[in-house]
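Place chain B on chain A using the hints.
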Amino acid sequence: MSARFIWSANSREARTYKIVGWTLFVIALVLFTFAYADTAQIEIFGNGYALSLPRASKAIAFMIAILGLQVVVGYTGQLVLGQSFFFGTGAYLGAYMVADHNWPWVLSLLVVVPVCFIIGAIFGLPALRIKGLYLALVTLGLAATFPSIVQLDALDEYTGGASGKTVSSDLVPPSWLPLDGISSIFQNIPFFGQYFGEGDLSSSESERIWKFFLFTVLLAICIWLVSNLIKSRSGRALRAIRDNETSAAVSGVNLAKDKTLSFGLASALGGVGGVVYVAELGIASPLDFTQLLAINFIVGLVVGGVGTLSGAVVGGIVIAFIPDWSASTESFPGIPERWLQGPTGVFILGALLILLTFVLPGGVVAGMRRIKGRILQIVPQPPKGARVPTPPDGADAELRHEADEITAGVAANDPLTDEPKD
Amino acid sequence: MDLFLARLFDGLSNGSTYALIALALVIIYKATTLINFAQGEMAMFGAFVVLVLATEQGLPIWVAVILGMVFSAVAAAGIERVLIRPFDPYDHLPLVIVTLGLFLSITALAGIIWRFDPRAFPRMYPAGTALTIGNATLTWYTVGVVATVLIVAGLVTLLLNTTKIGLAFRAVSSNIESSELAGIRVGPTLQFGWALAAAVGTLGACVFVADPIRQLEPSVMVRVLIFAASAAAIGGLDSLWGAVIGGLVIGMVQSIIVPYVGFIPNEMSLATAVIVLMLVLLFRPSGLFGTARVERV
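Chains A and B supply the protein sequences, listed in that same order.
The numbers in my numbering rise by one with no breaks, and the one at position 88 of the first sequence is 88.
One rule links them: number in my numbering = place in the second sequence (from 1) + 1000.
Worth double-checking, as some hints may not be accurate.
[Stated by the list, open to error] Lysine to any residue pairs mimicking SDA-like chemistry, simulated, CA-CA at most 20 Å apart:
no., chain 1, residue 1, chain 2, residue 2
1, A, LYS131, B, LEU1279
2, B, LYS1030, A, LYS18
3, A, LYS131, B, MET1252
4, B, LYS1164, B, GLY1154
5, A, LYS131, B, ARG1284
6, A, LYS131, B, SER1286
7, B, LYS1030, A, GLY132
8, A, LYS18, A, ALA28
9, A, LYS131, B, TYR1090
10, A, LYS131, B, LYS1164
11, B, LYS1030, B, PRO1126
12, A, LYS131, B, LEU1288
13, A, LYS372, B, SER1178
14, A, LYS58, B, PHE1283
15, A, LYS131, B, ASP1091
16, A, LYS131, B, PRO1089
17, A, LYS131, B, THR1033
18, A, LYS131, B, GLY1154
19, A, LYS131, B, ILE1112
20, A, LYS131, B, LEU1093
21, A, LYS131, B, PHE1283
22, A, LYS257, B, LEU1282
23, A, LYS131, B, PRO1285
[Said to hold, decoys possible] Listed below are several chain A residues computed to face chain B (Cβ distance under 10 Å; list not exhaustive):
no., residue
24, VAL30
25, LEU79
26, ASN296
[What the hints assert, rightly or not] Far from chain A, some chain B residues (derived; all Cβ distances over 12 Å):
no., residue
27, LEU1005
28, ARG1119
29, ILE1133
30, ILE1256
The hints are simulated quantities; they were obtained by calculation from the structure and are not laboratory data.
Cβ atoms here follow ideal geometry from the backbone N, Cα and C, with glycine treated the same way.
So that you can see chain A by itself, here it is in the shape it has in the complex:
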């Protein structure tokens, strides 16, 4: 089956499509930022669903952690379930550097990234021998121990024990940034201006906007780094390990080195996510980083799509918003209210996990790609001088169809995507 539009990667249409697409995306993001800087709600069936920047920032923290899981589970094929351990480590370490040593948040990454990388690599060493389900078990156990580790008496003065570690934010927008000006421009748009509030932004609103902006940039950098890694020699080695460890080793992949790298990188990303989380929330408390969070990350990974970078983005949104929104659903037509008062969010996540494994193993991203593939395909341009065999006009339609399939098989090369898993 061929798509409605097939454009070559360097054609004018494909370039326009990309530029227009990304511009629209950025504009939508900016509009969202200013429209929901205050805690805004959408009303459905009498329930208020919060759609505010703090939640979106939390989603970004999760996205970065899931991005780490994409590296180690999605691309290297190691069943690591303990991402919440590194998420928590990053959160506590960041809070410690900022609260106790007055480091700026951005600089705390300089400590968190190497420390989490090293811890992850150390835990990766046993993983060279422990495989498959056993690894899943050990890493899940690791995630389960995190809350009791940070509540140890010996660490109390650094972690704040059971009550958690509070930290204030220094992420104030620089004075040269005319956030109020931009906001008033939006407010003056006829008809739509009302969605952007009135008057100048309060200091907490502009702080939220600034944080969200910083976190988005950080996420973009992380995605860019990982997508480069995946396309590099090391990335190909990781995928070779995923597909068949033995044949990867036979082909000259250094299993020990590349697996350790993958573990370290995943853990470092988990740590970065943790820093974002605590920078947004202002507190790191032990019960935020239980094995439930670890399993939620797996939900995000699977729902978004294992082995896709954009899957991490979708997954982060899912695990940040679904539990909160289910908690604020107090009435729904056809469902007794008593049922809605329990942990419905967790139930939905669990059911979603099972359902997607059945109907859409590639996750939401795979589904969207399938739909997009029916409408539009961007095929790589053949190198100059290469002869592309095209069946003559009069040739068999079957043959022409086959040629289409072959060109379609060469995957489209979006900035956020890589080639499909299989």
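Structure of chain B alone, referenced to chain A:
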């Protein structure tokens, strides 16, 4: 000495509970080489059913336990048929994901139905002490739990070694393709494994919360699963009696070694179990009694 004995008795009762859940894990692992991450939650759900039968329907506790085990077995057979069988048994990722999904859904379902307030579980064993040595008391609870574990492990062994379905189960766990060729219906046999495991697990959860110092709540088995998995790994993951011994070892480690070794704080017993698990997997992946696995490429 008294303190040591008291801790020994503690270790025995904790270890026996871990042994029961470990037995459930081992039964499923033997059949499908899959670790069921939802085993603890399925057991917790079963224990809630038992609680409802015993307190709201007024059934005698052991009748309620047996009905609860039957309920769990039927439910697990259904879960196996609908959610597990469609997947390739050798591809672990989807199966792990499905069991994690079950983990979340079952905890949440219990929370939705029964809420999160802890509830007292009826006594399953006579109250009082069986034996007093100095200041250390051996309660009837501890005696009862140890006896239950030994009886259950014995019955499961008997079931697998003397019945036709047990024979089929052992054949399937040894080699799926060959047993299929020999005319064994693999699906129903694995289903039987899931049902058996769920029944044993439910008994384990009941025994665990029947301890007067504990109460039943939806998150009660979350930590137990890690202990039980360590126990199963020590025993070798495919050895029934290995799981029993592994459970006792983990129970002993938790209540004897952790308090005596000064530098391990008490809250770290879970971490100790994880470390034991890691060490076993590193240095003796087939555990104490498991069969070493040969991987063909």
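Taking the hints in turn, this is what the structure says about them:
A hinted pair counts as satisfied when its Cα atoms are at most 20 Å apart, and LYS131(A) with LEU1279(B) qualifies at roughly 14 Å. Restraint check: the Cα-Cα separation between LYS1030(B) and LYS18(A) comes to about 52 Å, which exceeds 20 Å; the hinted pair is violated. Annotation: proposed proximity of LYS131(A) to MET1252(B) is violated, straight-line Cα distance about 27 Å (limit 20 Å). Our distance criterion of 20 Å between C-alpha atoms is met by LYS1164(B) and GLY1154(B), whose separation comes to about 17 Å.
About 13 Å separates the Cα atoms of LYS131(A) and ARG1284(B), which keeps this hinted pair within 20 Å; it holds. Distance restraint check for LYS131(A) and SER1286(B): the Cα-Cα separation of roughly 13 Å lies within the 20 Å cut-off, and the hinted pair is therefore satisfied. Simply put, LYS1030(B) and GLY132(A) have alpha-carbon atoms about 16 Å apart, close enough for the 20 Å limit, and the pair holds. Restraint check for LYS18(A) and ALA28(A): satisfied, since their Cα atoms lie roughly 15 Å apart, inside the 20 Å limit.
As the CA atoms of LYS131(A) and TYR1090(B) are separated by approximately 14 Å, the hinted pair is consistent with the 20 Å bound. Note on LYS131(A) and LYS1164(B): the hinted pairing is violated, with a Cα-Cα distance of about 34 Å set against a maximum of 20 Å. With a CA separation close to 35 Å, the supplied pair LYS1030(B) and PRO1126(B) exceeds the 20 Å bound. The hinted pair formed by LYS131(A) and LEU1288(B) meets the criterion: a straight-line CA distance of about 18 Å does not exceed 20 Å.
The hinted pair formed by LYS372(A) and SER1178(B) fails the criterion: a straight-line CA distance of about 45 Å is larger than 20 Å. For the proposed pair LYS58(A) and PHE1283(B), the alpha carbon gap of about 40 Å is over 20 Å, so the pair is violated. With a C-alpha separation of about 13 Å, the suggested pair LYS131(A) and ASP1091(B) falls inside the 20 Å cut-off, and the hint holds. Between LYS131(A) and PRO1089(B) the CA atoms are separated by roughly 16 Å; this keeps the pair inside 20 Å, and the hint holds.
Of the supplied pair hints, the one linking LYS131(A) and THR1033(B) holds, its CA atoms being roughly 13 Å apart against a limit of 20 Å. Using a Cα cut-off of 20 Å, the hinted pair LYS131(A) and GLY1154(B) is violated, with the two alpha carbons roughly 32 Å apart. Between LYS131(A) and ILE1112(B) the CA atoms are separated by roughly 36 Å; this puts the pair beyond 20 Å, and the hint is violated. A threshold of 20 Å between alpha carbons decides the hint, and for LYS131(A) with LEU1093(B) the separation of about 12 Å falls inside it, so the pair holds.
With a C-alpha separation of about 13 Å, the suggested pairing of LYS131(A) with PHE1283(B) holds against the 20 Å cut-off. Using a Cα cut-off of 20 Å, the hinted pair LYS257(A) and LEU1282(B) holds, with the two alpha carbons roughly 18 Å apart. Straight-line distance between C-alpha atoms of LYS131(A) and PRO1285(B) comes to about 10 Å, which keeps the hinted pair within the 20 Å bound. This hint is violated: VAL30(A) has a C-beta 35 Å from the nearest C-beta of chain B, more than the 10 Å allowed.
Hint status for LEU79(A): holds, given a least beta-carbon distance of 6 Å to chain B, under 10 Å. Among the interface hints, the one on ASN296(A) holds; its C-beta lies about 8 Å from the nearest C-beta in chain B, closer than the 10 Å criterion. Every C-beta of chain A lies more than 12 Å from that of LEU1005(B), the closest at about 27 Å, which supports listing it as non-interface. Every beta carbon of chain A lies more than 12 Å from that of ARG1119(B), the smallest distance being close to 15 Å; the non-interface claim holds.
Residue-level check passed: ILE1133(B) sits 32 Å from the nearest beta carbon of chain A, beyond 12 Å. Every Cβ of chain A is farther than 12 Å from the Cβ of ILE1256(B); the closest lies at roughly 19 Å, confirming the non-interface assignment.
Comparing the model with each numbered hint stated earlier shows that hints 2, 3, 10, 11, 13, 14, 18, 19, 24 do not hold.
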